[in-house]
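Sequences and hints are given; from them, build the entire structure.
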Amino acid sequence: MPPAVRLHEAVALAGRFPLLAGACLEVGEGEVVHLRGPNGAGKTSLLKVLAGLLPVHSGEATVLGWDLVADRRAVRGQVGMLGHESFLYEELTVEENLEFAVRASRGPVVGIRPALEQFGFTGRLASIPLARCSAGQRRRASLALLVARGARLWLLDEPHAGLDQDGRDLLDELLAGSRAASRTVVFASHELERATAIADRTVHLAGGRVVEPPKTPESVEQAAAHVA
Amino acid sequence: MLRDAVLVAGKDLRIEIRSRVGLNQIGPFALAVLLLFGLALGPDRRVLAPASAGLFWVAVLLSTILGVQRSYAIESVDGARDGLRLSGLDPAGIFLGKAGAVVVQLLVLETALAVGVALLYGARLSGALVLIGTCVLGTFGLAAVGTLYGVVASGLRIRETLLPLLFLPVVSPVLLAATKAWDEALAGTPGRAGGWLDVLAVFAVLYVATGIVAFGPLLEDG
Amino acid sequence: MRASTRTVPSERVAVALRVLGVASLVGVVATVWLGLFVTPPDEFMGNLVRLLYVHPPMAWVAFLAYGVASLASLLYLWPRTRSERFDRLAGASGEVGVVFTGLTLVSGSIWGRPTWGVWWVWDPLLTTTALLFVLYLGYLALRRVPGEFHVRARRSAIGALIAFIDVPIVYLSVEWWRSLHQAPTVLNPTTHKTYVHGSMAWTLLLGFVSFTLVYTWLVAHRYRLAELQDAQDTEGLEIALAERRAEAVGR
Chain L
0 MPPAVRLHEA
10 VALAGRFPLL
20 AGACLEVGEG
30 EVVHLRGPNG
40 AGKTSLLKVL
50 AGLLPVHSGE
60 ATVLGWDLVA
70 DRRAVRGQVG
80 MLGHESFLYE
90 ELTVEENLEF
100 AVRASRGPVV
110 GIRPALEQFG
120 FTGRLASIPL
130 ARCSAGQRRR
140 ASLALLVARG
150 ARLWLLDEPH
160 AGLDQDGRDL
170 LDELLAGSRA
180 ASRTVVFASH
190 ELERATAIAD
200 RTVHLAGGRV
210 VEPPKTPESV
220 EQAAAHVA
Chain S
0 MLRDAVLVAG
10 KDLRIEIRSR
20 VGLNQIGPFA
30 LAVLLLFGLA
40 LGPDRRVLAP
50 ASAGLFWVAV
60 LLSTILGVQR
70 SYAIESVDGA
80 RDGLRLSGLD
90 PAGIFLGKAG
100 AVVVQLLVLE
110 TALAVGVALL
120 YGARLSGALV
130 LIGTCVLGTF
140 GLAAVGTLYG
150 VVASGLRIRE
160 TLLPLLFLPV
170 VSPVLLAATK
180 AWDEALAGTP
190 GRAGGWLDVL
200 AVFAVLYVAT
210 GIVAFGPLLE
220 DG
Chain Z
0 MRASTRTVPS
10 ERVAVALRVL
20 GVASLVGVVA
30 TVWLGLFVTP
40 PDEFMGNLVR
50 LLYVHPPMAW
60 VAFLAYGVAS
70 LASLLYLWPR
80 TRSERFDRLA
90 GASGEVGVVF
100 TGLTLVSGSI
110 WGRPTWGVWW
120 VWDPLLTTTA
130 LLFVLYLGYL
140 ALRRVPGEFH
150 VRARRSAIGA
160 LIAFIDVPIV
170 YLSVEWWRSL
180 HQAPTVLNPT
190 THKTYVHGSM
200 AWTLLLGFVS
210 FTLVYTWLVA
220 HRYRLAELQD
230 AQDTEGLEIA
240 LAERRAEAVG
250 R
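Chains as they are written, first to last, in numbering that gives the first Met the number 0: chain L, 0 to 227; chain S, 0 to 221; chain Z, 0 to 250.
Just so you know, not all the hints are guaranteed correct.
Short derived list, chain S residues pointing at chain L, Cβ under 7 angstroms [unchecked claim]:
hint : residue
1    : K10
2    : I14
3    : R17
4    : S18
5    : A50
6    : L65
7    : D81
8    : G82
9    : L85
10   : S86
11   : L88
Simulated restraints, written as ranges between beta carbons of each label pair [said to hold, decoys possible]:
hint : chain 1 : residue 1 : chain 2 : residue 2 : range
12   : Z       : L171      : S       : R44       : 31 to 37 angstroms
13   : S       : R191      : L       : R15       : 53 to 59 angstroms
14   : S       : V204      : Z       : R81       : 26 to 32 angstroms
None of these hints come from the bench; they were simulated from the model.
Fair warning: this is a prediction, and the values are worked out from it, not measured in the lab.
We treat Cβ as the ideally placed atom computed from N, Cα and C, and that holds for glycine.
So, in structure tokens, the structure goes:
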């Protein structure tokens, strides 16, 4: 089976600043991969490249069989992204938000109600505007959206942030069921305990590249010298 | 494309109906502009009434800038483009939907402004068919150019200043043609407005077509 | 490095540019000399006619520049001809166009003051030129919006075409607007029918030629400057990449 994600020496720029400085990564289908690294290591940028949001300046990038260098639009319908921003509309209710997003990506409308219920949006809660929801509820709404859209690749940026204990358990349960649902997950998280528990493997990022896990300072230098 | 356009327009209008930013801010802004024109030109109705068509359309142009900025502000705060890009919607559909929602809001605003110029400047609204036709054709052109440049400016830190600079010179023919068409209608000679309506129609068709083609690449940039 | 070798012009290009520069300088000096000292004053306009040796050539260069910028933008957008060169050409030509539009407006205004008694008339051509001036100032502002090269280039090219579509609509509507409300005293019909002959015709022709040369020369230099800037960016990228990778080691 071809990998769901394949990056080879991928470079992505913001103006003249290299967000990714030649990243190499392979993720198999159904795999749950944890991205780890200090702030500014390029975790969010990597997720954005995989979502087809950031153009690949040089190198190779293939996601779900689509070549992102040639066309980064085609993949977006199959990708669900949970970023720092929620991409939800403040004035619409949770239900209306889901309905718009699912219709927009031509997803199954029948999946909306179960997804809402799964994340506790029942009764009145489903029909109040998002502006009146708490941060945690918004997070849940974003997760419900991912489920309802039925995306094949989930890209999650700090998914645990802002969720309460129940919400975190729910999220972990979802991620644990990924392989069975043949959906691939790449997520960035600083919550190491939870992350390592649910991830199939951990990938370390630093300086816009994928690096060997930093055990001791010397090994970091060796690793960097090796890849450079 | 049309399915997506309807979806986006419906969403935008529903948000506007709930948030009432148009009603509470853009409407009063346009009214303030009308009042300020009145102050600038003096209380003489013999001066104000002949100028009403031009003042009306300048007020509409300025309001369009606000309407377009609002149209992109409702896309979540910083992720406007990312959200639209990730939605999987057809870019041409997004363009038509957003422009369509702006057209609807502007037409409502224009109705109120028309009453305003009649009351404040003493303009006699005659030739209703030409007045309405001008509004419809002119507004399509304005909304198309505004939505097209709005997506360029959205997501940039200089969006508030860039949009008017890009938008106003391009729509100068709309201001000219719409003003002249209204002048003819208000002067009781609506039959002579035909040529100006043609200009507005050509402008609207050209820029709606440009938007359908160019919106996708512009949405991808940045 | 590939980028830097490409931007060092070969001897031939440098020589050609120098010849072009000298030729345009000589042309402009000759035009000024002929226009100010050799040609006779006009029967109707007197010495004012001398402005006509530079004003129409300036306007011609402005329109030529916008035409070239639009064509280059179109060629950039067309996938089969897409090349960084066309983006640079569009930018260079657009900038020179705005400068010459400004000069056209100023010289037109100077001519207008003694002719019409006012600095500004809402004459169709003048109004169109003024609108083009702000239209392309917008284009230049759009070009200055930072971004990745191809992102910026495509955005600018689309902006240039949006502006270009506008030019005929602006011109036709302004002309129609004026012709419907033409104040008949403003334009003395005789000024339109100034007899241009003899040394005057040659001077005007020389004006056109030498201003076109100036345009080519300016665009070539502006193009080279853009090329060097891009090369610097490319080199800067190598350094930035190395620095970024070093972050991993620095920890």
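Results for each hint:
| no. | hint | result |
| --- | --- | --- |
| 1 | K10 | holds (5 angstroms) |
| 2 | I14 | holds (4 angstroms) |
| 3 | R17 | holds (4 angstroms) |
| 4 | S18 | holds (5 angstroms) |
| 5 | A50 | violated (38 angstroms) |
| 6 | L65 | violated (18 angstroms) |
| 7 | D81 | holds (6 angstroms) |
| 8 | G82 | holds (4 angstroms) |
| 9 | L85 | holds (6 angstroms) |
| 10 | S86 | holds (4 angstroms) |
| 11 | L88 | holds (5 angstroms) |
| 12 | L171/Z / R44/S: 31 to 37 angstroms | holds (33 angstroms) |
| 13 | R191/S / R15/L: 53 to 59 angstroms | holds (57 angstroms) |
| 14 | V204/S / R81/Z: 26 to 32 angstroms | holds (28 angstroms) |
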